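*Asks:* What follows is each chain in one-letter form.
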Amino acid sequence: ILNVEQSPQSLHVQEGDSTNFTCSFPSSNFYALHWYRWETAKSPEALFVMTLNGDEKKKGRISATLNTKEGYSYLYIKGSQPEDSATYLCALYAGNNRKLIWGLGTSLAVNP
Amino acid sequence: GAGVSQSPSNKVTEKGKDVELRCDPISGHTALYWYRQSLGQGLEFLIYFQGNSAPDKSGLPSDRFSAERTGGSVSTLTIQRTQQEDSAVYLCASSPPPVGSQPQHFGDGTRLSIL
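If you read the protein sequences in the order shown, they are chains U and W. Take 2 as the starting number for the first sequence in the working numbering and just add one per residue. Take 22 as the starting number for the second sequence in the working numbering and just add one per residue.
Treat the hints loosely; a few may be bogus.
[Unchecked claim] Label-pair restraints from in silico Cβ distances: (1) N30/U x P118/W: 14 to 24 Å; (2) K43/U x Q105/W: 37 to 47 Å; (3) K38/W x G55/U: 51 to 61 Å; (4) Q82/U x K78/W: 33 to 43 Å; (5) P27/U x L136/W: 22 to 32 Å; (6) K38/W x E57/U: 30 to 40 Å.
[Said to hold, decoys possible] Simulated coverage check for chain W against chain U, where a stretch passes if three residues somewhere in it have a Cβ under 8 Å from a Cβ of chain U: (7) 39-49; (8) 53-67; (9) 71-78; (10) 125-134.
I should point out that these hints are in silico values taken from the structure, not numbers from a laboratory. Keep in mind it's a predicted model, so treat the numbers as computed, not measured. Glycine included, every Cβ here is placed at the ideal spot set by N, Cα and C.
Looking at chain W on its own, in the form it has when it is part of the complex (with noise of 0.2 Å):
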């Protein structure tokens, strides 16, 4: 069946931009994750849905970050007026109910560069 996919896989834009990365989630699973990668860095929690809520945003850089789900499926993170240290690979992840015994099934990521 179909994976965890994201788009776009590859972003350049100018500092001071906005921009929108999408992750459409497996079916039926219900908790979605969003992380991202830093070059050198580990892997860096952003936000977590459960259906269509965000019981845990702590690890949003600021507050130029958003994110929402609707229909308990598609999500959108939103970065406005970006700057340089905005530039990672952004993953997205979901996992099936019961939250936490199941495995996060990741997609192949959003390369985002800003110039």
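Extracted from the complex, chain U is given alone in its bound form (with noise of 0.2 Å):
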């Protein structure tokens, strides 16, 4: 059975600090990995998707790494905002299965 743990839970940061989470999953028939924003009262917005060894993104402030050999992927954001207040979730794409496993998302508030 696959599994997508993603730490922390919830992190709560003041604007302007730097923050950054982690998606683990098994290593074993990777194709992709994604990662999502899910801000409440809204619908899940993709942020990316990487499919490489060593892929790195980034999308303004925002940043994320893949390392297939180990199986984690990190999402960095830079100088955090309010508005980066969100749950973020990441979710995977392994070559046997027809659907992504998601994780159970990092929630992230940002206090001004």
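Given two chains presented individually in distinct reference frames, assemble the corresponding complex, making use of the accompanying hints.
*Replies:* Structure below.
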């Protein structure tokens, strides 16, 4: 059974702080790793899809790295802003499945 | 262009009634997914369509739940004899090929409340 784990479960930071969270997954049959941002009362929004070991992607102040050999991905937010407050979800697409296996998310609250 | 469209946005119904939820995916997206989020819970996978076929129905919680997709486009999720535990936000997502390496695009969801 594939299991995707995210840590920490929740995080409170001050505006301007930089922060990062972890997504861990089994490395066998890896195909792609997705990151989504889910704000309260909205629907999830895709941030990144990463497929290659060593991949690093960036979108504004948010970036992500991928290590498929050891089975983890980091999401970094530089200079957090209150509007970054959301749940950040990662999801694994492994070769034998035809669906994303979702983590439970990291809930980020940025205090002004 | 148009995103994933779901209807209705809100549905309140009495326990025991049947409900039908609709999802219009983005044109050209071959994969379509249904999820739900119950109060205080994460994203729960229900069913996945590739074209009109559903290779994975493993997430449907009971035989009261069914879904179909026609013409490789619109999908409907039907819940028969609704129960209070069916109350949740039902989300639909679609993605273009190749499956897995493209992001999923989500609709705004249908908030279902069973009285």
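*Asks:* Decide, hint by hint, whether the structure agrees.
*Replies:* Hints, one by one, checked against the model:
1. N30/U x P118/W: 14 to 24 Å: Holds, at about 19 Å.
2. K43/U x Q105/W: 37 to 47 Å: 25 Å, violated
3. K38/W x G55/U: 51 to 61 Å: 53 Å, holds
4. Q82/U x K78/W: 33 to 43 Å: Once the Cβ atoms are compared, 41 Å apart, the range 33 to 43 Å for K78/W and Q82/U holds.
5. P27/U x L136/W: 22 to 32 Å: 42 Å, violated
6. K38/W x E57/U: 30 to 40 Å: 50 Å, violated
7. 39-49: violated (count 0)
8. 53-67: holds (count 4)
9. 71-78: Since 3 is at least three, the answer is holds.
10. 125-134: Answer holds; 6 residues pass the 8 Å Cβ test.
Taken one by one, the earlier hints fail for this structure at numbers 2, 5, 6 and 7, listed in ascending order.
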